[in-house]
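Colleague: The primary structure of each chain is shown beneath.
2 protein chains.
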Amino acid sequence: MSDESTGTDTLSALRNLLGPAGYLAGADLPARNRTDWSFLPPANPVAVLRPTTTDEVVAILQHCHAHDIVVTPQGGLTGLCGGARPLDGGIALSLERMAGIEDLDPDGMTMTVRAGTPLETIQKAAAEAGLFFPLDLGARGSCAIGGNLSTNAGGNRVIRYGMTRDLVLGVEAVLPDGTLLPMLNRMIKNNAGYDLKQLFLGTEGTLGVITRVVLRLYPQPGCTSAALCIVPDYDTVLSVLSASRKRLGPLLSAFEVMWADYWHQATERTGLRAPVAMGQGSHAILIEMQGLDEDIDGPRFEALLEHLMNEGLVQDGAVAQSLSDIAAFWATRDAAAEFANPAIIGPHISFDVGLAVARMDEFANRAKAALMERLGCHSVYYGHVGDGNLHVVAWVPGADPQPLSAASEVVYGIVGEMKGTVSAEHGIGALKKPYLPLSRSPAELDLMRQIKTSLDPKGLMNPTKIFD
Amino acid sequence: MSDESTGTDTLSALRNLLGPAGYLAGADLPARNRTDWSFLPPANPVAVLRPTTTDEVVAILQHCHAHDIVVTPQGGLTGLCGGARPLDGGIALSLERMAGIEDLDPDGMTMTVRAGTPLETIQKAAAEAGLFFPLDLGARGSCAIGGNLSTNAGGNRVIRYGMTRDLVLGVEAVLPDGTLLPMLNRMIKNNAGYDLKQLFLGTEGTLGVITRVVLRLYPQPGCTSAALCIVPDYDTVLSVLSASRKRLGPLLSAFEVMWADYWHQATERTGLRAPVAMGQGSHAILIEMQGLDEDIDGPRFEALLEHLMNEGLVQDGAVAQSLSDIAAFWATRDAAAEFANPAIIGPHISFDVGLAVARMDEFANRAKAALMERLGCHSVYYGHVGDGNLHVVAWVPGADPQPLSAASEVVYGIVGEMKGTVSAEHGIGALKKPYLPLSRSPAELDLMRQIKTSLDPKGLMNPTKIFD
Chain B
1 MSDESTGTDT
11 LSALRNLLGP
21 AGYLAGADLP
31 ARNRTDWSFL
41 PPANPVAVLR
51 PTTTDEVVAI
61 LQHCHAHDIV
71 VTPQGGLTGL
81 CGGARPLDGG
91 IALSLERMAG
101 IEDLDPDGMT
111 MTVRAGTPLE
121 TIQKAAAEAG
131 LFFPLDLGAR
141 GSCAIGGNLS
151 TNAGGNRVIR
161 YGMTRDLVLG
171 VEAVLPDGTL
181 LPMLNRMIKN
191 NAGYDLKQLF
201 LGTEGTLGVI
211 TRVVLRLYPQ
221 PGCTSAALCI
231 VPDYDTVLSV
241 LSASRKRLGP
251 LLSAFEVMWA
261 DYWHQATERT
271 GLRAPVAMGQ
281 GSHAILIEMQ
291 GLDEDIDGPR
301 FEALLEHLMN
311 EGLVQDGAVA
321 QSLSDIAAFW
331 ATRDAAAEFA
341 NPAIIGPHIS
351 FDVGLAVARM
361 DEFANRAKAA
371 LMERLGCHSV
381 YYGHVGDGNL
391 HVVAWVPGAD
401 PQPLSAASEV
411 VYGIVGEMKG
421 TVSAEHGIGA
431 LKKPYLPLSR
441 SPAELDLMRQ
451 IKTSLDPKGL
461 MNPTKIFD
Chain C
1 MSDESTGTDT
11 LSALRNLLGP
21 AGYLAGADLP
31 ARNRTDWSFL
41 PPANPVAVLR
51 PTTTDEVVAI
61 LQHCHAHDIV
71 VTPQGGLTGL
81 CGGARPLDGG
91 IALSLERMAG
101 IEDLDPDGMT
111 MTVRAGTPLE
121 TIQKAAAEAG
131 LFFPLDLGAR
141 GSCAIGGNLS
151 TNAGGNRVIR
161 YGMTRDLVLG
171 VEAVLPDGTL
181 LPMLNRMIKN
191 NAGYDLKQLF
201 LGTEGTLGVI
211 TRVVLRLYPQ
221 PGCTSAALCI
231 VPDYDTVLSV
241 LSASRKRLGP
251 LLSAFEVMWA
261 DYWHQATERT
271 GLRAPVAMGQ
281 GSHAILIEMQ
291 GLDEDIDGPR
301 FEALLEHLMN
311 EGLVQDGAVA
321 QSLSDIAAFW
331 ATRDAAAEFA
341 NPAIIGPHIS
351 FDVGLAVARM
361 DEFANRAKAA
371 LMERLGCHSV
381 YYGHVGDGNL
391 HVVAWVPGAD
401 PQPLSAASEV
411 VYGIVGEMKG
421 TVSAEHGIGA
431 LKKPYLPLSR
441 SPAELDLMRQ
451 IKTSLDPKGL
461 MNPTKIFD
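Top to bottom, those sequences are chains B and C. Just so we're aligned, residue 1 is where the first sequence starts under our numbering, counting upward by one. Just so we're aligned, residue 1 is where the second sequence starts under our numbering, counting upward by one.
Read the hints as simulated data drawn from the structure, not as lab findings. Small disclaimer: the values here were computed from a predicted structure and weren't measured. Hints are supplied without guarantee of correctness; some may be wrong.
The list cannot tell twin chains apart, which means a pair is met if one copy fits it or any two copies do.
[To be verified] List of simulated lysine to any residue pairs, SDA-like, C-alpha gap at most 25 Å:
hint, residue 1, residue 2
1, K433, L445
2, K124, H378
3, K452, G178
4, K246, L104
5, K419, A369
So here's chain B without its partners, still in its complex pose:
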């Protein structure tokens, strides 16, 4: 960006366009817009723009395009990889004032919302209409749906409902030159030409700005069942997964696995009461079913558990008898959020990787040994095994800072060798950019750059993210 582009005249044109509440700069520039949840250091954008309409977004991008100004779109700023962190000297384009539900169609089971709408607002609006929007993640109260689309967010129920990409029917988006794409399709089936919305899903704001979204809704679950099972080895994890899929079919809503090393941290060290004892087991499995009718589906779930015990697959197990039991089971899975407590683990490094389901234990064993051997680094393993998604928590006791780069080299190196992905659900952003070539071939990276160059020849939309 040239100095001229951020000169007073250019900035005042944007301020005149958006008014004082829509243009924050200097002392008014909010600290929160300088970075996201990636813990990258705060950046120094020249201004935060806060449009209230799609027309304003179009005008902003036309203006920035004409004056070669770099733009980083921002939603709820809860991303973990730095995708929404603005560039020094660039503009942060926050969609926070473009929030709200525009339409809910109960027959078509769709909801049309503005991109800045918080996820939780959408979940609640669906529930009030007797319907269900299945995307769910820890940041639900803060994250915005536009950011969920831009990062193709995953979350807790992917095994049943898919990723964010699978929950989107249409988008309204603005290209880097300000061209408006009114693609608010509401139909499940639409084969009229290229499915252009895909260009804006999971591309982390590098190809344009999403302004409105048509989401797919589902029937509300009628009942929920859950169990925690202890198994003797990973082969048994796979057998339990197979039986759960067969007997619960599309009602299976979560299949979370905790390795014994994780379980130790999550229960004994946090002081959380363990609903079952790991004993000589190797893994704990949290199985959840979203059923339709307690009278019909409750017995189905109990029959699955009985089958697992009778077959000798499960050494010890507990079936939730209440909603508070279900919450207690999930607490073991969610305990990772407390690991930063110095009394438990303290400073650590987190990973989000994807692997073939059958090879996740092999990966865990290799990564654990390599981290310890090369870096004296401890590590524990857990994840959405039904989706092929594994999380790793790694730490060198007492190290400050923790060896982020060195541990990343070890973990992502093994991921690459095993043809896994360096990002299952968090995206690439700025943090994981050095490791993207481990998961994608040179030809793929070239094609990504080619698409980027075609849609954004000036390189103004969230540059330096995903790839250079």
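We have chain B; now place chain C onto it with these hints.
Modeller: Same frame as chain B, now just chain C:
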């Protein structure tokens, strides 16, 4: 394409590359490769190429790119819109000899297949492994999976499993210049950079050639239930849809609606025994559930029907008591295939459009009146209402040829006004190209052309299809 490009030297290079079985020209050029099921007249390609390996596809595309030769990829040639019809003077690139299953992973629930594999082969291989590949359509024995991907095929179970796009985890594809993209991802969650496979799904071979595919498998259904219900009006259709979704949730596998005008043709005129009487009803609904366990899910389905009767929603109904009952119910829905019989309707025009679910009856009424008023054209209506997909059969008694263009103007004009899609599941190809602007904005069409130009600057991959 210049005359020089198809000169003897160029052709012999391809013949040498592929051998006599891989290069068919002149008298050996098969008639079937000259068009597809669109009923467009046979074209005159210079040769049909039949590679057996991805390396050969790479070599062919490199060669054609260097010599400016136009290429049309071909699968099972069952497309209805002319997408696989080659160009006069161009090359037909048939994947028929690249068939076969390379891998089936029961833990990851994936299957890796070559692009020329017939759909039915894949369905059977999944079933033999105790699993299920849900894509299903009438041409299952002839169509190839590469073509299913290229057209994003729909079919009978979209309401439960989604379109082909939703069933694909990875593809291996070759760009127009011969660049190989090895994107055989097997993971449900993978957010490492742009999801480039989307460029080859539903783009009808205009951006490259799919050579291998990773498909997602599902658990085999344990039982199937079906019912036929007669309702008094379209509002009741919507109420029955809502109740079916709520009570069957993700087990609902089909929700097909037949308007009374269609029902009359499909039963009285074909001589098919009607499982229920339409009487004063307005619509017949075929509801199907794929359950997991007959003992558990059978009663669930019966309870739904009891609810519909008790609420007074359904005037008359029949529940299948056997597999042959289920087949008889589907026979009413599939009777459209017999309409070409002169004793029933004879020559006619078929449409595949998409609309908001709540407005399908409004569309049917408008289209029926306009077709009759403007063209003296009869029409009947049926479709996958749960997916927002309507089929129309239209005919002017005794007209030969039938007024395809005039009827298309009427039907697609109303679709455009109602913000529907001119293609729900068949694609655009050559036949629907004139009507694409009714469903997509100028900005979208420009962006499609921009993507096309970026990936295929010479315009050699299946040109003239979808858009000019």
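Colleague: Each of the hints needs a verdict: does it hold here or not?
Modeller: Here's how the hints hold up against the structure:
1. K433 / L445: within (11 Å within a copy, 32 Å between copies)
2. K124 / H378: Intra 40 Å, inter 46 Å, cutoff 25 Å: neither.
3. K452 / G178: Both ways: K452 and G178 sit 15 Å apart in one copy and 20 Å across, limit 25 Å.
4. K246 / L104: between (34 Å within a copy, 17 Å between copies)
5. K419 / A369: Result: close within a single copy only, 19 Å intra versus 58 Å inter.
In terms of the numbered hints stated before, the structure departs from hint 2 and from no other.
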